[in-house]
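Sequence order for the protein chains is A and B.
All letters in the first sequence, in the order written, are residues 1 to 359 by my numbering.
All letters in the second sequence, in the order written, are residues 360 to 560 by my numbering.
Calculated from the structure, these hints are not laboratory results.
The structure presented is a predicted model; accordingly, all values stated were derived computationally and were not measured.
Partial list, computed: chain A residues near chain B (C-beta under 7 Å): (1) ARG105; (2) ILE108; (3) THR109; (4) ARG115; (5) HIS118; (6) LEU121; (7) PHE122; (8) PHE125.
Glycine included, every Cβ here is placed at the ideal spot set by N, Cα and C.
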Amino acid sequence: MGTDSTLMAMVQLVPEGMGVEVRSSLDLPTILLLVLMLAGLVLAMLVGRWIGRRKDSMVDASIVRAFNRRVVAWLTMTAILAVASIVSRYVVVALFGLLSFWALREFITMTPTRRADHRALFWSFFVVTPLQYVLIGIGETTFSYFATLIPVYASLILPARIAFTGDHKRFLERAAKIQFGLLVCVYSLSFVPALLDMKLRQYNPSATGEEDRLQEWSGESHVGLLFFFVLMVLLGDLLQFTWDKLVGRHLISPAVNGTKTWEGLCGGVISVGLLGAVVQFALGVTPFYVYGAGFMAALVAFMGTCGSLTMSAIKRDRGVRDYGTLVHGHAGILDRIDSLCFAAPVFYYVTRFFLGMPG
Amino acid sequence: MNLTVSLLAGLAKVVSGASLRWVDCQPDTCQRVYFANHTSHLDALVLWASLPRHVRALTRPVAAKDYWDRGALRRYISRQFNALLIDRRQIRVHQSPVDLMIEAIGDQYSLIVFPEGGRSEEGELGEFKSGLYYLGKKRPDLELVPVYIDNLNRVLPRGEFLPVPLLSCITLGRPIWLEAGESKADFLTRARQCVLDLKES
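Construct all of the structure, not just a fragment, from the sequences and the given hints.
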């Protein structure tokens with residue numbers, strides 16, 4: 001009871017009104033999930049530091065360092081995201097907008113374009129990217145626009161813009177670079193904040209007939225759903241890494257990525273699936289059934305690996321080790337969010353397919 | 360250093376995403392000539408803006424008068440950056456650009472110059488004009504610092520007026536001086552090679 005009233009007080013600190021949507025509905029399970037995530041990440045950071053300090057460590061020092069950097073990045077990201085989602089949905093949308101902008105910047109910096117692509121790039125950065133996030137910010141009512149802006153309009157118009165310039169050298173390759181950059185860095189990533197504004201249904205356990213089998217999801221805040229998704233992406237990365245190290249024998253594709261193994265992939269997907277089911281069973285922050293949550297978690301973990309492998313392939317092709325070293329002194333954002341990018345749209349669309357409101 | 364200058368410098372750094380690397384060279388307020396490859400109109404501004412505050416207060420970029428003296432905005436910007444505008448078309452014997460530069464720096468300022476004279480078309484480093492040699496000859500005390508500017512030509516290519524905010528990188532290398540008895544051609548080749556070497560480092 002005592003915890004409940006402090007939480008209410010904390011939430012009420014945010015002023016109501018002023019035309020800003022206030023997420024006063026951060027329910028107890030969501031807050032528990034947040035606290036658990038942050039605590040888990042702090043713990044992971046401490047363990048990483050401890051292993052890094054030990055002299056007789058069995059693990060390669062560079063791997064430990066990479067792991068530590070990753071955990072610190074996740075912790076920062078989760079903390080900022082937690083604060084943002086308490087304040088307002090718009091702040092979360094804006095944050096991801098900035099993240100997309102920076103990721104696209106890294107992506108295009110890495111892929112060589114020609115001078116004739118300049119205008120198309122300008123449109124990508126200053127029209128398409130902001131517009132996508134404005135539509136996401138307006139909410140699910142603009143679904144048919146933000147779902148098609150990049151795959152339909154931008155993907156067709158930007159190559160045409162390049163064709164207008166008359167430079168046809170390696171045309172398809174150049175167009176594909178811009179399309180893929182927008183698809184991964186902007187379109188895909190924008191579905192993370194889009195999770196905050198979805199009208200969803202959930203299964204009615206006391207249903208008698210076919211028509212009331214699904215009822216409107218009672219979860220007032222979608223922050224729980226968002227953090228469930230982010231947690232599963234992080235767990236996917238972490239558990240796969242652990243399985244790789246413990247039992248990994250057969251590399252998936254040695255030429256592309258030297259750490260990802262089939263054992264890690266299978267172990268990661270299965271264990272994340274189980275953990276997803278456990279989290280849903282214990283906290284109930286999503287509209288899924290327990291096994292549904294397990295399936296979604298496994299799917300997210302699988303897509304996360306697809307993302308890491310795909311981005312590794314691009315990096316290998318360009319001859320860079322990670323986006324951080326691409327330009328000296330920049331932290332590579334794209335290295336940190338590749339799994340998030342690939343998992344987000346799949347998570348969004350599958351959720352919408354099964355539990356979205358009809359019509 | 361007033362507020363508008365800081366704002367403009369910050370804007371130039373954000374748009375170009377520039378990161379500065381000092382290789383065998385440290386930021387210093389001693390008199391220097393930074394000589395760089397020239398790929399974009401932004402070169403001088405971004406290099407200048409990326410320098411540490413106390414260094415750039417004493418550094419003047421040399422820019423083309425025919426570009427930076429046209430239009431109120433460009434004139435305003437070039438004045439804010441304390442640019443030294445040189446007329447490329449009217450080079451007179453008794454008042455050569457090198458004399459103007461030496462006069463402008465006095466015993467205090469450093470310079471940013473682009474010895475290629477103009478922007479190279481597809482990012483390749485052109486031949487150096489002789490100005491750098493005469494600078495080194497008339498003022499042997501100046502440190503000549505090679506600078507390689509990478510990717511800025513994609514931020515603002517030739518003939519475009521709207522920048523695309525990609526990431527760029529500026530590398531500053533070990534200072535060189537004109538050796539005793541070194542011929543003009545030898546020196547210019549060596550200076551050009553210093554800039555090229557930074558590309559790989």
